[in-house]
Amino acid sequence: MKKFIFGKLTLDALPHQWFTIGGTVFMFLMVLTAVIILTKYKRWSWLWHDWLTSTDPKKIGTMYVIFATFMFFRGMIDVALIWLQQALAADGEGFLEAGHFQEIFTSHGDIMVFFVTMGYFFGFMNWIIPLQIGARDLSYPFLNSLGFWLTVAGGLLINAFFIIGGHFANTGWLAIAPLSSLEFNPGVGVDYLIWSLQLSGLGSLLAGINFIATIIKKRAPGMTLMRMPLFVWTSLCGMVLIISAFPVLTAVTFMLWLDRFFEMHFFTVSHGGNQMMYFNLIWMWGHPEVYILVLPAFGMYSEIISTFSQKQISNYTSMVWASIIITGLSYLVWLHHFFTMGAGPEVNSFFGIVTMIIAIPSGVLVFNWIQTMLKGKIVFATPMCWSIGFIIIFLLGGMTGVFMASPPADFQVHNSLFLIAHFHAQIIGIALFGVFAGLTYWFPKIMGFTLDEKSGKVAFWLWFVGFYVAFTPLFILGFMGATRRLDTYRAETGWQPFFIIALFGFLIISAGIITQVYQIIVSIRDRKLNRDTTGDPWNGRTLEWATTSPPPAYNFAKIPTVEGIDAFWLIKNKQRLREYEDIELPKNTGMGVYISIFAFLAGFGIVWHIHWLIVLGIIGSVACLIRFSFDEHRDYILPAAKVALLEEAQ
Amino acid sequence: MKTMKLLSLFFALLGITAAILYIFFGEKVQVFQPKGIISKQILDLILFNLALMVAILLPTFIWLLFTVWKYRASHTQSEYKPEKTYGKFNQCILWLLPSCVVFIMALHTWKAAHQLDPYKRMSSPAEELVIQVVAIDWKWLFIYPQQDIACVNFVQFPEKTPIRFELTADGSPMNSFWIPSLSGQIYCMTGMVTPLHLNAEGVGTYTGKAAEINGEGYAKMNFVVISSTENEFDDWVNDVRESHTQLDHQAYAELLKPSIDHPQQFYSSVKKDLFNTIVMKANSPI
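Protein chains in written order, with our numbering: chain A, 1 to 650; chain B, 1 to 286.
Keep in mind the hints are simulated off the structure, nothing from the lab.
Incorrect hints may have been included.
Selected chain B positions facing chain A (Cβ under 8 angstroms, derived; list incomplete) [to be verified]:
no., residue
1, 4
2, 29
3, 117
4, 118
5, 122
6, 212
7, 213
8, 220
9, 224
10, 226
11, 228
Owing to the predicted nature of the structure, the values given are computational and were not obtained by experimental measurement.
All residues carry an ideal CB built from backbone N, CA and C; glycine is no exception.
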């Protein structure tokens, strides 16, 4: 009976280590503060009706960005622990036990990839894509809300181990089998990992479908595919990768779960399991995932560089094709993540050479960014600083990437800190700098006021310098034979000074993050001063700048007609027409929240083998879905007279 | 302000120079101080790729800095052509330039991947020495089938002799076997044998390690590698033969129990066909 009600849950699962107690108390205090503030200012109804149930992509985008920011700080706490441990750990002097240290870098990887980087990019896409293609909404507003809330459910599940369980997976972020199989990992940590990825993966998949449909079907008249802004193009490429690659992740983690729950033998070391299959499958998703993280950023940089050079993008057609080629090639390179598994030289060199070929379209992108700046008038606003910093780091990251694309050379640097430094150069330099560039670039559009420039630039320089101080030692450490994921090492290796320099670099980066927090606080304080009254603070080129900041719920009172690339640039000086029409908009719905709560319960039940909770969660979410499908009045009409009133008020 | 800028530039350059010098000349930078034939050839390959990348990236970098500096908005004398487009010729150049570099690199990669294939036997006048390696949680077992001895977390072989490692694992997740000074790494997997060939050029003591996360004892799963003269090796083998422990069924079962920071152990003889039994264990029916 006890087993039926609680599954594997026992009292031992309650917080009892310092970090779980700390985490639990911290989360409890955060929730308590939120509750007190909301109650004091009577904001509960506002929160529910204006935000949580909203189907407006701009609001969902904002929620994505806020959620990703929370997860970013969560992931940075992991970083602090990792680097502090490694700086101290010579001859076993560190303060963390091996198992705990391994859990920390695992959760760092998963959180940063799935919830921070992807969270921010989904946020920006929600904010900007409908505006850039001249649409009022996404194709499936409810699916968008559901996708967001499933991601949140995944994010909660990945942190739930603080409160119940006390252990996360210690396998590395990909839950590499057979280390993650029941034989080597009987605890619940891997199950938490699997099910948080399942939930957030489902969320990403729904968002991917939604954005593809939106980009294909909802463009303004005249906006042909080859007139789309490059951010829309690269996002489309990224979304195509999501809908084709994420099912692989879902399948492979599900098979891993079957291994663990029903003791099947897909990836075990014995009984006919094949451990190499896990590596192949997970990287068949994993490599396209890398491009899911970087492609939208490439588009952002293109827009930002063009805007702040005050010049049209160089070779638009080339840029589009380069992005498409990268998209296609990203499916053909997964094996370069494990040349060391010992496939023959033919197989290895095939994948190595395809990897090198990706350098060609990447090179074309870089050359064209530089050519865009050539004979332009470059304004060094904060987004532009991030973009130039990105190109510099991208060159370095690309060079180190080619090192590893050559299989024999990879044998000497694989699984070393060189690899860690390389992919952090790519992910921080491309994706995270892209996030910061995009945030400072589009913030005024969504919030209605610009961010403080001065502190923004200080933050950029701290990040840029901090990045080099933190990761150059890691490149060197890799050549010194330091493997990744070490919780301790011997002092005679001579690695410690480099780990200490890296920690120092992390402190510089932290100062950058603190400056960014300060930047946002100062900007909110001075919001009246920095108000963007024109809707076009940067002298922009694309359609999002054609409407007010922040845009009305319907984005455009009248859908613009597009006459070429840089749609807004071409119509900028024309008189706006003042005739209005009835606008159809989606109603709010709480179903996304309800379904995600049930999905969270099901996930939690599966982790702890609580069968009734699994059944309840699944039935609950399906019932909600059925209930929602009977709701035929999902839209409402905003009459033309009301639109006129809203527009004149501005 | 200007002195600040110059000072930071100076420190940046100083840091970069120090990093580069250390990589190339630092005593402990094992990948750049190769002690074996294979690791030497891998370093040559790395340097070739590096030279090629620098040849294209350095001009790009200078072009970038020049552009950003020259066409800044405050520099009003520079040309400003907001509608400037680039023709087909320009596009061709931009695609062809990186293509050429990649083409050269691809040819070289194909050649190098075959030449440095870790499975390939090395040609040498000396006779090949076979060492069988079993990755166990969390220690390395080395079996010398020709000498009929075995040791744990310690391996010795003669210099200038081709060594053939045959790698597998037992009751351990995926492992990676890496001696950075002598050669690259290869995975060891239960139920499978992956060979790795190397040849040490001189005498020396090196560190070998597990390079793939495999659980709690991962960071401490290191072993000592000694490359000695032929005579010293023979003496060592004789010494080991005189020790009293034998690697029989019971001793092996004892080894299989997970342990961290396992001490070095030496066995004077090995149960017949132990290695093959280990490999086949995972492949046989229950």
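Close enough to count: is the Cβ of residue 118(B) nearer than 8 angstroms to one in chain A?
-> holds (7 angstroms)
Return the status of the interface hint for residue 29(B): holds when the least beta-carbon distance to chain A is below 8 angstroms, violated otherwise.
-> holds (5 angstroms)
Using Cβ atoms only, decide whether residue 220(B) comes closer than 8 angstroms to chain A, and label the hint accordingly.
-> Holds - the Cβ of residue 220(B) comes within 8 angstroms of chain A, reaching about 7 angstroms at its closest.
Return the status of the interface hint for residue 117(B): holds when the least beta-carbon distance to chain A is below 8 angstroms, violated otherwise.
-> Result: holds, 4 angstroms to nearest chain A Cβ.
For the hint on residue 213(B), does the least C-beta distance to chain A fall short of 8 angstroms?
-> holds (5 angstroms)
Chain A contact restraint for residue 122(B) - C-beta distance below 8 angstroms | This hint is violated: residue 122(B) lies away from chain A, its Cβ roughly 14 angstroms from the closest one there, beyond 8 angstroms.
Supplied contact hint for residue 224(B), tested at 8 angstroms Cβ to chain A | violated (12 angstroms)
Hint status (Cβ of residue 226(B) to nearest Cβ of chain A, threshold 8 angstroms) | At about 16 angstroms, which exceeds the 8 angstroms cut-off, the nearest Cβ of chain A leaves the hint on residue 226(B) violated.
Interface hint for residue 4(B), Cβ within 8 angstroms of any Cβ on chain A | Check failed: Cβ of residue 4(B) comes no nearer than 12 angstroms to chain A, outside 8 angstroms.
Under 8 angstroms, Cβ to Cβ, is where residue 212(B) needs to be relative to chain A, so tell me if that hint holds or is violated.
-> holds (6 angstroms)
Hint check: 8 angstroms Cβ-Cβ cutoff, residue 228(B) to chain A = Since the shortest Cβ distance to chain A is 20 angstroms, the answer is violated.
Checked against the numbered hints given earlier, the structure breaks hints 1, 5, 9, 10 and 11 and satisfies all the rest.
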